[in-house]
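With chain Y fixed as given, assemble chain P onto it according to the hints.
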Amino acid sequence: MRKTVLLVIFSAYLTACTAVQLVSPYDEVIYNGVTEYKDLLNRHVKDMADLGGTVKGTYEANKLKYNELETLIESLIDRATMQSTGGGCSLSPALSEKIQSYLRDKTPGELANAPTSENANPYGCTERLLVLVKVQLTTLEQIHRDFDKCAIVDDSILIVETSESVDEAAQDGEPDIGSLIDSAVDDIIGTLKETIRMAVTEKIEAAYTLNPGTVPGGPEAAVNEISCLRVATARDALNISNQSIDAAWFVENAKKNSGE
Amino acid sequence: MEFNKSNVLKTIKIEAIGAFGDGWSQIKQFAPAEFEKMAIQLVTISKNVALYKIDRSTGYSVATGKALLRMQRTAMESVFVAISALVIVTIQNAINAIFRVLKATFATALRAVL
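Heads up: the sequence lines are chains Y and P, in that order.
Per my numbering, the first sequence starts with residue 1, numbered consecutively.
Per my numbering, the second sequence starts with residue 1, numbered consecutively.
Looking at chain Y on its own, in the form it has when it is part of the complex (with noise of 0.2 Å):
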């Protein structure tokens, strides 16, 4: 009579039970927006590389481009944070037993040494993820701001020769409105660049008085260097960054192909 009674409680379970979520669904809005977000950082970090040591790669030129990174993330991050229940990324006790207790001698040692408490769930995994992603900009935006600096390219060359060319463009009788707004735009960024070197060069002159040694190679290799992405940090910061950005992919994917 009791095995009937638990047969038909464990079949109407089977009928009626829907499948069974430990984790927060799958969503194609984070899955599509991470890969967006690599296409977006990858890019940006290329192109700093190629730029080092031109005003176009400095941070204070590229401020913009971390705003639009750290905005992406933070939307995917919110979208995370309302699926997650505040649990964090592990099993509740009760459930990791319960899973335990059937899997037996097959349970992973992953799980079965796992941390656990009374209000976690896994439901935080993708929110986690996210975060770690954005911790791993800040950084890269740190390096770009404050620590990296490149040898500032001499470019004179190329104003000149956009000097010469609408000069001669003015003799030719053909004034060529971009070739001036090129040469505009130039001057303008050269005497920003002048004004800033000066700037520089008052502060660290200072900073260096007070404190000689502070800036390897003394205060003349400093002044002609800017703020940059160098091409060594590029590599290195793209491939690190890429591993957290990969993580959180990964974990989307697998969603997506067990809902599949």
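Since the hints were derived computationally from the structure, they do not count as laboratory data.
As the structure is a prediction and not an experimental result, all values here were calculated from the model.
Glycine is no exception: its CB is placed at the ideal position from the N, C-alpha and C atoms.
Check the hints yourself; a few may be wrong.
To be verified - Here are the simulated DSS-like pairs of lysine-lysine, each with C-alpha atoms no more than 25 Å apart in a straight line:
id, chain 1, residue 1, chain 2, residue 2
1, P, LYS66, P, LYS53
2, P, LYS66, Y, LYS63
3, Y, LYS38, Y, LYS134
4, P, LYS10, Y, LYS38
5, P, LYS10, Y, LYS256
6, P, LYS47, Y, LYS46
7, P, LYS37, P, LYS47
8, Y, LYS134, P, LYS103
9, P, LYS47, P, LYS66
10, Y, LYS134, Y, LYS65
11, P, LYS66, Y, LYS46
12, P, LYS66, P, LYS37
13, P, LYS66, Y, LYS38
14, Y, LYS63, Y, LYS134
15, Y, LYS65, P, LYS28
16, Y, LYS46, Y, LYS63
17, P, LYS28, Y, LYS256
18, P, LYS10, P, LYS103
19, Y, LYS46, P, LYS37
20, Y, LYS134, P, LYS53
Claimed, not checked - Label pairs and their in silico Cβ distance ranges:
id, chain 1, residue 1, chain 2, residue 2, range
21, P, ARG73, Y, THR35, 20 to 26 Å
22, P, ARG70, Y, ASP78, 43 to 49 Å
23, Y, GLU60, P, ILE40, 51 to 57 Å
24, Y, PRO25, P, SER57, 23 to 29 Å
25, P, GLN29, Y, ASN32, 44 to 50 Å
26, Y, THR71, P, ARG100, 39 to 45 Å
27, Y, ASP47, P, ARG100, 45 to 51 Å
This is chain P only, laid out in the frame that chain Y set:
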């Protein structure tokens, strides 16, 4: 197949090994590959800091090296969180696969009972 405890258990065991094994092999590919990347990266960081000390036009400064090490530590956390999540996704898939097969295998008995 007759709907009794022995047959149900047999079906669960067969399905559990199959469903679990597939997801598990994915995790076993993902984890070592990521650990290898980390090892390579740590060596590269120390090399680049050393290069910079010799020639300022190559490698990067100690400050940048330290920041990259911080990034590598964060990446390591990402990999561990991903492994935890993948384990749970695999368990979820295994449980759902087992119940799908049980429902299909014992469809007749279930209809009779309900």
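When the structure is checked against the list of hints, which entries are broken? Sort them ascending. 4, 5, 8, 15, 20, 22, 23, 24, 25
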